[in-house]
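Protein chains: 2
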Amino acid sequence: MGIELKDIYVLRLGHRPFRDKRITTHVALVARAFGARGIFIEGEDNQLLKSIYNVLDQWGGKSYFNIEFVSNPKTLVKSWKERGGKVVHLTMYGINIINKLSDFDQINSPLLVIVGSEKVEGWYYYNSDYNIAVGNQPHSEVSALAIFLDRIYKGEELNISFSDAKLTIIPKERGKKVVKNE
Amino acid sequence: MGIELKDIYVLRLGHRPFRDKRITTHVALVARAFGARGIFIEGEDNQLLKSIYNVLDQWGGKSYFNIEFVSNPKTLVKSWKERGGKVVHLTMYGINIINKLSDFDQINSPLLVIVGSEKVEGWYYYNSDYNIAVGNQPHSEVSALAIFLDRIYKGEELNISFSDAKLTIIPKERGKKVVKNE
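These protein sequences, in sequence, are chains A and B.
Per the working numbering, the first sequence runs over residues 113 to 294.
Per the working numbering, the second sequence runs over residues 113 to 294.
Same shape as in the complex, but just chain A (with noise of 0.2 Å):
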């Protein structure tokens, strides 16, 4: 893998098929190449699915990583909860997590990292271990996750491979070299 994978999972709150594919998409492409092992995604959408599985059986990590819709995204935190894992809920009105980097130093249970679309129900708030800012000011879901979990692997997972690749890139200063392994 190029870094040992930790127990960590990503929960897509409000995901809107029409609206937010493309969005969804790049969170579970983060996810899978920053090093978590699988997203649930709230809603049903066949497409985003199509479009990640692609992505998975070209570039590598079908037998890693899991894409799972939910229905009650608050029933899989509860349980998660339930069964020792700790719950992280990325908002700009969380502590910045400059504050929080010895919070995950230590942390060995099992990681839910939810981030939400448009608004995100107060429940959330209450419910998670811990509401964490990537910075206190509006950007993306997309880029609060991949900074989160580049501190969690303290820059490690840019050297993330799937030895399940199809495809693999040869890094270049011009141009594109990828070569396909039979």
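No lab work stands behind these hints: they were computed from the structure.
Treat the hints with care, as some may be off.
Remember, identical chains collapse to one label, so a pair may be satisfied in a single copy or spanning two.
[To be verified] List time: in silico SDA-like cross-link candidates among lysine to any residue, alpha-carbon distance up to 25 Å:
hint : residue 1 : residue 2
1    : Lys118    : Gly267
2    : Lys278    : Ser191
3    : Lys118    : Lys284
4    : Lys118    : Gly228
5    : Lys174    : Arg149
6    : Lys174    : Pro222
7    : Lys190    : Leu279
8    : Lys186    : Val291
9    : Lys190    : Tyr238
10   : Lys118    : Val290
11   : Lys278    : Gly197
12   : Lys289    : Asn220
Given chain A's structure and the hints, the job is docking chain B onto it.
Below, chain B without anything else, positioned relative to chain A:
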């Protein structure tokens, strides 16, 4: 500002108003929140402009952050280099930023950071000073830009603040607290 802004601008290639509106909005918000001074967007999209201006108006940055539409981004790249600036193209096919960090510690020239949409013309690979991969896996231009700027500012960008903000978040463990600056 909470940080000392460097001379960094973003160029967003290939914006398609209908398809890319939300992704380009997120790219622009990351540019603002992670310490770029402005964004050039290929194309023209008044709805997009309105969304970004709305954030600048509420959360600050009108006096720091420039938004400009460009019809010929190659001309911009050429003139940027002619005026002594450096051009960085973020692409998963490039050299992993992990192996290039020291290059950017030394740069004092104005930086133009290019992020593409689906497909970027070969020209940009050959006319940028650097092709940099934020990991050699597919994810998102939103996360790639965030991590790149995070490396440039060494995490300090998460302390950014805007003196002309009408709204300021008071970070909270639970719930939301926002003060209006009058």
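Problem set entry | Same-copy or cross-copy closeness of Lys174 to Arg149 [CA-CA at most 25 Å] | within (10 Å within a copy, 40 Å between copies)
Exercise. With identical chains treated as interchangeable, where does the CA-CA distance between Lys118 and Gly228 reach 25 Å or less: within a copy, between copies, both, or neither?
Worked result: Within one copy only: 22 Å inside, 31 Å across.
Exercise. For Lys118 vs Val290, is the C-alpha pair at or below 25 Å within one copy, between two copies, both, or neither?
Worked result: For Lys118 and Val290, neither the intra-copy (28 Å) nor the inter-copy (34 Å) Cα distance is at most 25 Å.
For this session: Pop the pair Lys190 and Leu279 into one bin, within, between, both or neither, using alpha-carbon distances up to 25 Å.
Result: This pair counts as neither: shortest intra-copy Cα distance 39 Å, inter-copy 33 Å.
Exercise. How would you label the pair Lys118, Gly267 (within, between, both, or neither) given a Cα cut-off of 25 Å?
Worked result: both (14 Å within a copy, 22 Å between copies)
Exercise. Given a CA cutoff of 25 Å, do Lys289 and Asn220 count as a within-copy pair, a between-copy pair, both, or neither?
Worked result: Close neither inside one copy (38 Å) nor across copies (30 Å); limit 25 Å.
Exercise. How do Lys278 and Ser191 come out at 25 Å by Cα distance, when the copy is not named: within, between, both, or neither?
Worked result: neither (36 Å within a copy, 40 Å between copies)
Problem set entry | Intra- versus inter-subunit Cα pairing at 25 Å for Lys278 with Gly197 | neither (33 Å within a copy, 38 Å between copies)
For this session: Have a look at Lys174 and Pro222 and pick one of within, between, both or neither, based on CA distance no larger than 25 Å.
Result: within (20 Å within a copy, 41 Å between copies)
Exercise. 25 Å Cα cut-off: does Lys186 pair with Val291 within a copy, between copies, both or neither?
Worked result: neither (43 Å within a copy, 30 Å between copies)
For this session: Give the relationship of Lys190 and Tyr238 under a CA distance limit of 25 Å: within one copy only, between copies only, both, or neither.
Result: Classified as within: same-chain Cα gap 12 Å, cross-chain 52 Å, threshold 25 Å.
Exercise. Given a CA cutoff of 25 Å, do Lys118 and Lys284 count as a within-copy pair, a between-copy pair, both, or neither?
Worked result: Answer is neither: 30 Å inside a copy and 27 Å across each miss the 25 Å cutoff.
Of the numbered hints listed earlier, those contradicted by the structure are 2, 3, 7, 8, 10, 11, 12.
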